[in-house]
Amino acid sequence: EAGVAQSPRYKIIEKRQSVAFWCNPISGHATLYWYQQILGQGPKLLIQFQNNGVVDDSQLPKDRFSAERLKGVDSTLKIQPAKLEDSAVYLCASSLDSARGYEQYFGPGTRLTVT
Amino acid sequence: QQQVKQSPQSLIVQKGGIPIINCAYENTAFDYFPWYQQFPGKGPALLIAIRPDVSEKKEGRFTISFNKSAKQFSLHIMDSQPGDSATYFCAATKETSGSRLTFGEGTQLTVNP
Chain U
1 EAGVAQSPRY KIIEKRQSVA FWCNPISGHA TLYWYQQILG QGPKLLIQFQ NNGVVDDSQL
61 PKDRFSAERL KGVDSTLKIQ PAKLEDSAVY LCASSLDSAR GYEQYFGPGT RLTVT
Chain G
116 QQQVKQSPQS LIVQKGGIPI INCAYENTAF DYFPWYQQFP GKGPALLIAI RPDVSEKKEG
176 RFTISFNKSA KQFSLHIMDS QPGDSATYFC AATKETSGSR LTFGEGTQLT VNP
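Protein chains in written order, with this note's numbering: chain U, 1 to 115; chain G, 116 to 228.
Simulated from the structure, these hints should not be mistaken for lab results. Because the structure is a prediction, the values reported are computed rather than measured. Be aware that a few hints might be false.
[To be verified] Pair by pair, the computed Cβ-Cβ distance ranges are: (1) U:ILE38 - G:LYS186: 21 to 29 angstroms; (2) G:THR225 - U:TYR10: 21 to 29 angstroms; (3) G:ARG176 - U:ALA2: 22 to 30 angstroms; (4) G:GLN129 - U:TYR10: 31 to 39 angstroms; (5) U:GLY3 - G:GLU174: 14 to 22 angstroms; (6) U:VAL54 - G:ALA144: 19 to 27 angstroms; (7) U:ARG64 - G:GLY175: 40 to 48 angstroms; (8) U:ASP63 - G:ASN142: 27 to 35 angstroms; (9) G:SER122 - U:GLU85: 32 to 40 angstroms; (10) U:GLY28 - G:ASN142: 27 to 35 angstroms; (11) U:ILE38 - G:ASN142: 21 to 29 angstroms; (12) U:ILE38 - G:ASP146: 23 to 31 angstroms.
Where a beta carbon is used, it is the ideal one built from N, C-alpha and C, also for glycine.
My request is simple: use the sequences and hints to build the entire structure.
So, in structure tokens, the structure goes:
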């Protein structure tokens with residue numbers, strides 16, 4: 001079974017630029033999560049999708065971050081404009097459904113450096 | 116408000132030692148407590164998990180001890196190996212509600228040969 005795929009793996013941008021990350025969850029997984037992991041900290045949930053609907057985006061900085069999952073499969077996370085404090089690893093995870101959110105499978109992440 | 120506190124931040128043991136990582140939670144509604152293992156450049160991977168109706172769970176060399184009254188749980192790694200060197204995160208959630216996983220801050224474990 002293929003795991004969660006993410007791209008790019010690394011990205012370096014200047015502050016005020018925009019950036020987008022892509023995630024392809026495990027086939028058949030209805031729930032998709034985006035996390036922000038700052039160096040030395042645990043992952044923090046940014047947004048959770050159930051199919052193509054948003055379940056939880058309470059910790060998403062909506063003034064600069066946006067995410068979509070239009071067809072209920074792949075998802076993109078965008079930051080515009082980026083700030084220095086956005087430097088982090090952005091992890092995508094998926095689970096069979098929201099009820100099984102306790103069993104999440106993570107991708108390798110995208111390491112973003114904002115200079 | 117941080118709801119899961121993890122300690123220590125880093126831990127160094129010799130091969131064969133038994134590292135112990137501790138976590139404490141605040142929200143009594145939590146009813147599922149997983150541990151994740153993360154290697155450099157990889158995403159976290161589910162290692163072992165426990166529900167509060169048991170006080171201990173073993174899977175191979177990994178054991179979770181759970182103290183419901185103290186709202187604490189810990190991970191023990193028996194006969195640790197250099198390949199166990201990784202960052203370990205505890206987490207907590209309310210299993211049935213589909214609520215978010217709340218992670219601890221992580222413990223960087225180094226097992227020296």
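Verdict for ILE38 of chain U, LYS186 of chain G (Cβ pair) under range 21 to 29 angstroms: holds (26 angstroms)
Could you check the hint for me, namely that THR225 of chain G and TYR10 of chain U are 21 to 29 angstroms apart, CB to CB? Holds: the Cβ-Cβ distance is about 25 angstroms, inside 21 to 29 angstroms.
Evaluate the given range 32 to 40 angstroms for the C-beta pair formed by SER122 of chain G and GLU85 of chain U. violated (25 angstroms)
Quick check: does the Cβ-Cβ distance between GLY28 of chain U and ASN142 of chain G fall within 27 to 35 angstroms? The hint (27 to 35 angstroms, Cβ to Cβ) holds, given that GLY28 of chain U and ASN142 of chain G are roughly 31 angstroms apart.
Does 31 to 39 angstroms hold as the CB distance between GLN129 of chain G and TYR10 of chain U, or does it fail? For GLN129 of chain G and TYR10 of chain U the Cβ distance comes to about 34 angstroms; the hint holds.
Starting from the hint 23 to 31 angstroms, judge whether the C-beta atoms of ILE38 of chain U and ASP146 of chain G obey it. holds (28 angstroms)
May I ask you to test the hint 14 to 22 angstroms on the CB atoms belonging to GLY3 of chain U and GLU174 of chain G? holds (21 angstroms)
Looking only at beta-carbon atoms, does the pair ARG176 of chain G, ALA2 of chain U fall within the given range of 22 to 30 angstroms? holds (28 angstroms)
Beta-carbon spacing of ILE38 of chain U to ASN142 of chain G - inside the hinted bounds 21 to 29 angstroms or not: Check passed, 22 angstroms falls within 21 to 29 angstroms.
If I claimed the Cβ atoms of ARG64 of chain U and GLY175 of chain G lie 40 to 48 angstroms apart, would that claim hold in this structure? holds (43 angstroms)
ASP63 of chain U and ASN142 of chain G, beta-carbon distance inside 27 to 35 angstroms? Given a distance of about 28 angstroms, which is inside 27 to 35 angstroms, the answer is holds.
Can the suggested window of 19 to 27 angstroms be confirmed for the beta-carbon pair VAL54 of chain U and ALA144 of chain G? holds (23 angstroms)
Against the hints set out earlier in the document, a violation occurs for number 9 only.
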